[in-house]
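Chain by chain, the residues run as shown.
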Amino acid sequence: MIASVIIQFDRQPHDFMPRETVTGTFRTVDVALEEIARFEFSVLWFTEGKGDEDLGVHFFKSLDRLEEVKGAGTPEELEKGENSEEEADAGPEPESAGSTGQVYLLSSEAEGLTYFFSVNLPSSPLTWHGKILKIFWCVRVRLFLKSGREVMSERVFNVGKVPPVHVELN
Amino acid sequence: MGIIVEFAFAVFCVLAGVIGMLWLLFFSVLPEWRIHERYEKTVCTLLDSRIVPRTVLGNHPLPEETETPSLFEDAPNEKDSEPKRSKFNVKNLRSKLQDVYYLPEMQLKYSVNGVERTNWTSNFGALARSSRFATRESAQVFLGQWTKGKNYYCLFNPEAPDQVVMMRGWHWENFFALTIPVSLIFMGLGMMLHALTVPRIGGSKELAAVQTLTRNRLENDQVPEEKFPFIPSVGDIMDSPGIRLPYRLPMIDSPAWTLGVLAAVTLTWNAGCVIFLTIIACSFLQTFADWLLFFYLFPFLGVGTWLFVHTFVEFRNATMVGPTIAEISSFPLIPGQQVRVFLSQGGERPLQWLNVVLICEEEAVFTHGTNTRREKLRIYQRLIFGEERVDITPDCAFDVEFPLEIPNEAMHSFISPHNQINWRLIVQGKVGKFPMFERVFPLIVYPEIQEAEK
Numbered sequence: 000m001i002a003s004v005i006i007q008f009d010r011q012p013h014d015f016m017p018r019e020t021v022t023g024t025f026r027t028v029d030v031a032l033e034e035i036a037r038f039e040f041s042v043l044w045f046t047e048g049k050g051d052e053d054l055g056v057h058f059f060k061s062l063d064r065l066e067e068v069k070g071a072g073t074p075e076e077l078e079k080g081e082n083s084e085e086e087a088d089a090g091p092e093p094e095s096a097g098s099t100g101q102v103y104l105l106s107s108e109a110e111g112l113t114y115f116f117s118v119n120l121p122s123s124p125l126t127w128h129g130k131i132l133k134i135f136w137c138v139r140v141r142l143f144l145k146s147g148r149e150v151m152s153e154r155v156f157n158v159g160k161v162p163p164v165h166v167e168l169n
Numbered sequence: 000m001g002i003i004v005e006f007a008f009a010v011f012c013v014l015a016g017v018i019g020m021l022w023l024l025f026f027s028v029l030p031e032w033r034i035h036e037r038y039e040k041t042v043c044t045l046l047d048s049r050i051v052p053r054t055v056l057g058n059h060p061l062p063e064e065t066e067t068p069s070l071f072e073d074a075p076n077e078k079d080s081e082p083k084r085s086k087f088n089v090k091n092l093r094s095k096l097q098d099v100y101y102l103p104e105m106q107l108k109y110s111v112n113g114v115e116r117t118n119w120t121s122n123f124g125a126l127a128r129s130s131r132f133a134t135r136e137s138a139q140v141f142l143g144q145w146t147k148g149k150n151y152y153c154l155f156n157p158e159a160p161d162q163v164v165m166m167r168g169w170h171w172e173n174f175f176a177l178t179i180p181v182s183l184i185f186m187g188l189g190m191m192l193h194a195l196t197v198p199r200i201g202g203s204k205e206l207a208a209v210q211t212l213t214r215n216r217l218e219n220d221q222v223p224e225e226k227f228p229f230i231p232s233v234g235d236i237m238d239s240p241g242i243r244l245p246y247r248l249p250m251i252d253s254p255a256w257t258l259g260v261l262a263a264v265t266l267t268w269n270a271g272c273v274i275f276l277t278i279i280a281c282s283f284l285q286t287f288a289d290w291l292l293f294f295y296l297f298p299f300l301g302v303g304t305w306l307f308v309h310t311f312v313e314f315r316n317a318t319m320v321g322p323t324i325a326e327i328s329s330f331p332l333i334p335g336q337q338v339r340v341f342l343s344q345g346g347e348r349p350l351q352w353l354n355v356v357l358i359c360e361e362e363a364v365f366t367h368g369t370n371t372r373r374e375k376l377r378i379y380q381r382l383i384f385g386e387e388r389v390d391i392t393p394d395c396a397f398d399v400e401f402p403l404e405i406p407n408e409a410m411h412s413f414i415s416p417h418n419q420i421n422w423r424l425i426v427q428g429k430v431g432k433f434p435m436f437e438r439v440f441p442l443i444v445y446p447e448i449q450e451a452e453k
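Protein sequence lines, in the order shown, are assigned to chains E and Z.
Those letters in the first sequence? Residues 0 to 169, by numbering that gives the first Met the number 0.
Those letters in the second sequence? Residues 0 to 453, by numbering that gives the first Met the number 0.
Some clues are possibly wrong.
[To be verified] Only part of the chain Z face toward chain E is listed, based on derived beta-carbon distances under 8 Å:
1) V140
2) F141
3) Q144
4) G345
5) E347
6) R348
7) V364
8) F365
9) E374
10) H417
[To be verified] Only part of the chain E face toward chain Z is listed, based on derived beta-carbon distances under 7 Å:
11) I5
12) P17
13) F59
14) L105
15) P121
16) S123
17) H128
18) K133
19) L144
20) V155
21) V161
22) V166
Derived from the structure by calculation, the hints contain no laboratory data.
All C-beta atoms in this analysis are idealised placements derived from N, C-alpha and C, irrespective of residue type, glycine included.
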């Protein structure tokens with residue numbers, strides 16, 4: 000078995016505008032519930048190109064405890080009591096990068112766990128395909144297993160509608 | 000693991016620095032200080048002198064060179080007595096270490112508390128850069144300063160009267176050498192401090208980024224979240240009103256800064272050259288001219304002259320072109336927006352031409368080996384104003400107002416630790432035979448978010 004995480008967006012194609020909400024699900028594949036130590040869910044942008052990589056985490060949620068994974072709360076319960084920003088203030092470990100969003104367990108079946116996520120995007124930066132700099136947005140899920148293994152999965156999406164660079168020197 | 004390696008390297012640097020500093024202090028600086036502070040002056044008579052060949056390895060005289068004749072006796076044929084030097088060879092390091100150097104020594108007769116003493120000394124204080132000479136001839140010339148039978152001043156150690164030196168003085172190069180171990184110590188301490196104080200961030204790099212962000216917010220007293228994150232701040236420009244239009248744009252890389260830095264570098268460099276020239280002049284005035292240092296200084300003098308000329312030219316160019324003022328009707332900008340720009344160019348002489356160019360460039364900072372490099376790439380450039388033969392007099396600046404439009408599908412300004420996207424307004428012009436000048440003003444472009452706000 001090769002453990003993996005599959006991320007899906009609710010919208011096709013994966014194009015979003017600034018300040019819009021990204022929604023979707025991610026589910027574990029070929030992972031026994033007992034093997035899971037914790038999840039890390041993040042919505043972030045990162046750069047590629049000539050310069051060293053920069054990373055900006057817009058939303059971050061860590062599900063450390065197995066109880067949290069097992070405790071399949073309803074979306075209503077979770078929406079009522081689980082505001083990520085409140086959690087960030089309450090605990091010593093930051094739960095989000097100051098943005099609004101939520102992640103909760105949708106279903107727990109023998110085939111795997113399915114989570115729902117919903118994150119409001121910021122005003123900037125927008126997705127950019129430049130010459131020596133590219134800016135990508137993605138949803139990234141890291142699954143930490145008790146064995147010490149780490150499974151990482153990410154899905155890129157676009158923010159804004161800036162076309163790829165066309166060098167224009169008049 | 001990385002932190003352990005960093006800490007171990009830091010400890011190594013500190014230890015190496017401490018050992019190096021102690022070695023220099025105990026074997027070079029302290030003996031000179033002791034002579035300077037504790038030795039007493041007296042009159043001595045030079046009885047004899049000799050040149051002792053030694054080797055680097057253990058300072059043992061070579062078997063064939065143990066018998067060294069007095070200078071005042073008939074010297075044997077120098078060529079015959081010159082030991083053969085072995086060429087350096089890694090496989091034959093020992094023979095290299097047996098290369099010979101020559102140690103001049105003098106036999107002095109002096110009186111301490113009524114007791115006459117006769118001792119040999121090879122310590123000549125500041126008279127010699129080193130008491131070791133590479134050739135017998137140079138050692139011989141050095142000893143030629145003194146005459147047998149004559150009286151001279153010497154210094155002896157009151158606690159051990161048999162220890163005698165010819166002169167006290169400091170070898171200043173030892174103090175310069177101290178900067179190396181001291182730098183190592185500071186560098187190592189800095190690395191240790193860094194290794195101990197950097198917070199341990201476990202887990203993923205996303206978690207590390209969030210923890211850093213949270214820490215920065217706490218340290219900055221809960222700075223509210225930015226409306227447009229990762230876009231340069233517009234605060235300075237918004238707070239600077241213009242005369243003709245609402246906002247005055249600040250100039251990037253003002254020539255005053257460049258000139259100040261250039262002048263400081265030129266002064267420092269040439270001051271260093273003057274110090275070394277003084278040292279060389281002193282060595283010429285004394286017996287031993289330091290020709291090696293003299294020729295070594297030539298390239299440094301060349302660089303100093305070039306710096307001086309370059310600073311002068313830059314200063315002349317900067318003062319020839321007057322101040323440039325750029326103002327804008329709206330700020331910050333968004334793609335597709337059209338604004339008015341007011342430009343005022345002062346100066347003493349008319350310009351051959353004046354252009355205003357709107358540009359956008361990507362900037363990347365990257366590490367290449369141990370170096371950090373910066374690369375810029377212009378991805379958009381448009382001439383928005385151009386005029387030839389611009390009349391400027393000291394009393395009347397050239398004023399002009401023109402439209403500026405940011406392209407419809409332009410990318411917004413962006414700034415992150417290693418990457419940037421910058422919009423700029425560049426004013427270029429040429430005065431007479433002088434090289435083209437360029438003044439750069441920042442523009443900040445926000446993304447258009449109307450569709451998302453609906």
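Under the criterion of a CB-CB separation shorter than 8 Å, is Z/E347 in contact with chain E as hinted? 32 Å, violated
Mind checking the CB of Z/E374 against every CB in chain E and telling me if the closest is under 8 Å? Interface hint status for Z/E374: holds (6 Å vs cutoff 8 Å).
Does E/F59 hold up as a contact with chain Z if the rule is Cβ-Cβ below 7 Å? Nearest chain Z Cβ about 4 Å off; hint holds.
Supplied contact hint for E/V166, tested at 7 Å Cβ to chain Z: This hint holds: E/V166 lies near chain Z, its Cβ roughly 5 Å from the closest one there, short of 7 Å.
Close enough to count: is the Cβ of E/L144 nearer than 7 Å to one in chain Z? 14 Å, violated
Hint check, Z/H417 versus chain E [nearest Cβ-Cβ separation less than 8 Å]: 4 Å, holds
Does Z/Q144 hold up as a contact with chain E if the rule is Cβ-Cβ below 8 Å? Cβ of Z/Q144 sits 62 Å from chain E, so the hint is violated.
Does the CB of E/I5 sit less than 7 Å away from some CB of chain Z? 19 Å, violated
Would the hint on Z/V364 be counted as holding, given a Cβ-Cβ threshold of 8 Å to chain E? It holds, given that the least Cβ distance between Z/V364 and chain E is near 5 Å, below 8 Å.
Does E/P17 meet its interface restraint, that is, does its C-beta lie within less than 7 Å of any C-beta in chain Z? This hint holds: E/P17 lies near chain Z, its Cβ roughly 5 Å from the closest one there, short of 7 Å.
Given a cut of 7 Å on the nearest C-beta pair, is the interface hint for E/L105 held or broken against chain Z? For E/L105, the interface hint is violated, since the closest Cβ of chain Z sits about 22 Å away, which is over 7 Å.
Interface hint status, E/K133 versus chain Z (Cβ within 7 Å): 9 Å, violated
Checked against the numbered hints above, the structure breaks hints 1, 2, 3, 4, 5, 6, 11, 14, 17, 18, 19 and 20 and satisfies the rest.
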